[in-house]
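Engineer: Next come the chains, spelled out residue by residue.
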Amino acid sequence: MKSPNDLHSGNGAHADWIPLLETATREVFELMLGCQLTLPSEHQEAGDDVTAMVGLAGQLCGVLSVRCDGKAAALMTSKMLGVPLDKVGADVSDALGEVCNMVAGNFKNKIAGLAEGCMLSPPTVVTGSDYSLHSLAESPGLAISLLFERMPLVVSLQIHS
Amino acid sequence: MPISALIVDDSSVMRKIVERSLRQAGIDLTKVLEAGNGAEALVALRDNAVDLILCDINMPVMDGLEFIKQLPTVPNAKDVPVVMITTEGSESHVVEALSHGARGYIRKPFTAEQVKEHVVPVLGGKS
Chain F
1 MKSPNDLHSG NGAHADWIPL LETATREVFE LMLGCQLTLP SEHQEAGDDV
51 TAMVGLAGQL CGVLSVRCDG KAAALMTSKM LGVPLDKVGA DVSDALGEVC
101 NMVAGNFKNK IAGLAEGCML SPPTVVTGSD YSLHSLAESP GLAISLLFER
151 MPLVVSLQIH S
Chain Z
1 MPISALIVDD SSVMRKIVER SLRQAGIDLT KVLEAGNGAE ALVALRDNAV
51 DLILCDINMP VMDGLEFIKQ LPTVPNAKDV PVVMITTEGS ESHVVEALSH
101 GARGYIRKPF TAEQVKEHVV PVLGGKS
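Chains as they are written, first to last, in this note's numbering: chain F, 1 to 161; chain Z, 1 to 127.
The set of hints was computed from the structure by calculation and includes no laboratory data. Just so it is clear, CB atoms sit at the ideal spot from N, CA and C, and this is done for glycine as well. A portion of the hints provided could be inaccurate.
[To be verified] Ranges between beta-carbon positions, derived for each pair: (1) T73/Z to T124/F: 30 to 36 angstroms; (2) N76/Z to P40/F: 52 to 58 angstroms; (3) T127/F to T111/Z: 27 to 33 angstroms; (4) Q24/Z to G70/F: 25 to 31 angstroms; (5) S161/F to M1/Z: 51 to 57 angstroms; (6) K87/F to K31/Z: 22 to 28 angstroms; (7) T23/F to D28/Z: 33 to 39 angstroms; (8) S121/F to V74/Z: 26 to 32 angstroms; (9) L39/F to E91/Z: 31 to 37 angstroms; (10) S129/F to V120/Z: 45 to 51 angstroms; (11) V74/Z to S129/F: 45 to 51 angstroms; (12) T73/Z to H134/F: 45 to 51 angstroms; (13) T127/F to P75/Z: 43 to 49 angstroms.
Whenever a hint applies, use it, and build me the whole structure from the sequences.
Structural biologist: And the structure:
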């Protein structure tokens, strides 16, 4: 059976990176949050309450983003810190930014030449849903959909060059 | 033996995770200092002696590589073991960090077991 993520490689460019992006994401959640991500039975749109972004520059230029709703972001923070859900407070943006940073770093380290030739920016986190994102990317990019504790999580990579 | 540590990372969440990982690794921490970048860490070390420093690389103001270059200028910190913890996987970063005196290099994401593997040997029996 094909993963729903096989279908989200934009125009087909870099489609071979999708399994690497998925593995990089899964490893971050397993090692840092102690939980297994699962595949949705079909593509599900994440809520767009929290979006973390990390820029990539050098041999690969683009933006990697992690998007989920606020409840999922709060639960991630709770698991990362090992504190109850009602104690996570203002750490949610910081935590999702770190998740995005680790996914980006883990992803580039899996591609020959990129560990050395690609730098990461500090994470930027947008909260709320009333915004438009305009990309000047030359390709539609890659996206994977996963479930974190049955809540949708979308990881996407817009590639500029 | 109980030890004190300085954790340097621009993410407060990551500083807490590193501290928790040290404790999960069985390291007896009596005092934990935190700094958000290399410059803050140098200031903290002028007034506080620690047994161990764990330091990120990519940070604003002063990054981790510049921090370890400047560490020998702090008299009571020049011999403190430094372990880098970073998402940067490039070989050149590892080589540069080690050439400036870092004693270990942990890539994020990491487990408490990996922290133990890299930290315990540099403590020289203090843990």
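Engineer: List in ascending order the numbers of the hints, as given earlier, that are violated by the structure.
Structural biologist: Checked against the structure, no hint fails, so every one of them is satisfied.
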